[in-house]
Amino acid sequence: MAAITLPARLDSLAPCTAFVAACATAEGVPPQRVSAIELAVEEALVNICRYAYRRETGEVEVHCTRNETQHLLIDLIDTGEPFNILTLPIPDLTTSLDDRQVGGLGVLLIQALVDHVTYRHADGRNILQLAVRLPS
Amino acid sequence: MGVTTQTIENVLIIQVTGRIDHITANVFEQELLPHLKDCTGEEKKAVLDLSRVTYMSSAGLRVLLLAAKQCRKQQGELVVAALQPFLQEVFRISRFHVVFTIFDTVKAALDAISPAAAAVYDGS
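Going down the list, the sequences are from chains A and B.
In short: position in the first sequence from 1, add 343, done, that's our numbering.
In short: position in the second sequence from 1, add 308, done, that's our numbering.
Honestly, the hints are just simulated from the structure, not real lab data.
Only a predicted model underlies this, so the values are computations on that prediction, with no experimental measurement involved.
Note that the Cβ used here is the ideal one computed from N, Cα and C, for glycine as well.
Any given hint could be a false lead.
[Said to hold, decoys possible] Heads up, incomplete: computed chain B residues facing chain A, CB under 10 Å, no partners named:
{"#": "1", "residue": "Asp329"}
{"#": "2", "residue": "Thr362"}
{"#": "3", "residue": "Tyr363"}
{"#": "4", "residue": "Ser366"}
{"#": "5", "residue": "Ala367"}
{"#": "6", "residue": "Ala376"}
{"#": "7", "residue": "Lys377"}
{"#": "8", "residue": "Glu397"}
{"#": "9", "residue": "Ile401"}
{"#": "10", "residue": "Phe404"}
{"#": "11", "residue": "Val407"}
Using the sequences and the accompanying hints, generate a full structural model.
Pasting the structure below:
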């Protein structure tokens, strides 16, 4: 397992995505899929900074593990307020430009770009896990 | 992240380069939106050339929606051209084809919105 701990701030974005990209590349993930994983991780990190730590500062741990079912598991762990970003509303994407809501696409992108997303709260920690099937 | 422009006849071609994420999106917004203030009617149309954009997160998509809304308000036409495969995927997920007309190339965009500009466009 590889892990990194970063301040839960927007300026941790580059080291966070670089870390996950390196893990994914080392596991043989092709470049376009690596970009997709980086994007999902970016959206997750931004939402952790925005919601879990809206009243205080803190850290986020990122763990990358390969499991026995050929998946790369990316855990984003914080000790902020309990908050499941997967409950955030997804904007209506069928409306015309005039009615289209600006923003709110982050969670939609996370769910579409990785194979499986789960959230749990345990021992005072929010744990968001992104699972990506690895090439066989 | 960078934004450069080129005017051909009645079309402003806005070429964006690089990676647009939650760090660079603010600069993208500041650099893009002012270029669109004259985008109105037949007088000035705009093509957003994204051929050199390698990555765009929701922060960049937000700026594109603001740009589209601004042009709509001014009754201006803004189209998108030349998405790389990863951006095509992001656009598909976000259903941006509902809000933007998207062309495979800048030339195809010009052919559709301004034959006069297409006639003199040299593809550079």
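Now for the hints, and whether the structure bears them out:
no. : hint   : in the structure
1   : Asp329 : 6 Å, holds
2   : Thr362 : 7 Å, holds
3   : Tyr363 : 6 Å, holds
4   : Ser366 : 4 Å, holds
5   : Ala367 : 8 Å, holds
6   : Ala376 : 6 Å, holds
7   : Lys377 : 6 Å, holds
8   : Glu397 : 7 Å, holds
9   : Ile401 : 4 Å, holds
10  : Phe404 : 9 Å, holds
11  : Val407 : 4 Å, holds
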